[in-house]
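Novice: Based on the provided sequences and hints, a complete structural model is requested.
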Amino acid sequence: MPEIEPRSLAELTTLRAGARPARMIDVRTSDELVETLRELWGAGEPWLVIGGGSNLLVGDEPFDGTVVVVRTTGIERLPAPDAGRVRLRVQAGHSWDDLVEYAVAEGLSGIAAMSGIPGTTGAAPVQNIGAYGQEIVQTLVEVELLDESTGDVSVVPASELGLGFRTSVLKTHHGSVAARSAVIVSVTLELDDVGHGEFEVTGPQLRGALGLDPEARVTLRWIRETVLAVRASKGMVLDDADNDTWSAGSFFQNAVVSAAFARTLPAECPRWPVAPDPVGDRVIPLEHYYGVDPVAAAPEPDVKVSAAWLIEHAGIGKGFALPGSRAGLSTKHALALTNRGGATAEQLAALARFIQQRVQAEFGLVLQPEPVLVGVEL
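Residue numbering for the sequence shown follows my numbering, starting at 462 and increasing by one per position.
In short, the hints are calculated from the structure, not lab data.
Some hints could be false.
Derived DSS-like pairs: lysine-lysine, alpha-carbon spacing no greater than 30 Å straight-line [said to hold, decoys possible]:
1) Lys-695 - Lys-765
2) Lys-765 - Lys-793
3) Lys-779 - Lys-695
4) Lys-765 - Lys-779
5) Lys-695 - Lys-793
6) Lys-779 - Lys-793
Specialist: Encoded structure:
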């Protein structure tokens, strides 16, 4: 196995916190990735896979196990079953934003609105990344998955990954473990081949974020550059010189609550309906059909509410920091917990706990963290 001298995880994560692990392995091919993990699982020792480190908060105590750093890269263009579409098979360690740039340069539509999201392509399905109305679930076809329980690599369709709002069966949530312990080896997406000319942007959330009228037509390049500018204005594009970008992006998820609970929140709190699952067809045996088929009432859709609004209206403004702490909210975006330089994981966790407590006290809602926490408690 390609073992290397362990580096501090503060050097490998965008929150820049975390101690040096006991052991570290650097893998650069899919075969090395599979072989390394099979060996670790066979030995039964603790393991942690890191790609871009952009959705991870690691504790101040050294990780007592092996950290596998995934650096596999490569994009393979494949035919798609339908005309006007193209499939891309991408290695897990390939930079997500480099993939978006490739797609835009090739005139392939479907992920341009997710420009600037840090991290690797293999991590994207784990939390079903998304931005401005686009989510990877909309373009994901399948993944190559290395399963810990069997050690086998299999092709798993997107429909079996339990993709939901910033979640999947592969994600370890705060307070729980992943429903399926496995590591993504490659990802296959299917994109629309729209070329380099102007086209109509569908989706009101994306049009709203870009300031477009419904009939406006733009190029993929314009979408990418505009999204990057918007993200940069919020400190959401990595920049070594800007502490506001020393973060895991949005630390807390926008909360999905019942419509009834949403009505208890102030009317000014931004919210978006979450479409309910469609009511399935009912088959009524002929001997029980009397000419009337009662129509079941459609369920009231859940509502997604703005975590940033809740934080700011709980009295925690941009740039807030606890006394003596090197962790603080971004000065540009109330959802980003940032390392102002030299912050420990415990300082970041203490700020997160304080925010949770204030929002719960003010609005009766416990915000849930997006990043995976390793050796850290909230």
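Novice: Output the indices of the hints that this structure fails to meet, ascending.
Specialist: Violated hints: none at all, because every hint is consistent with the structure.
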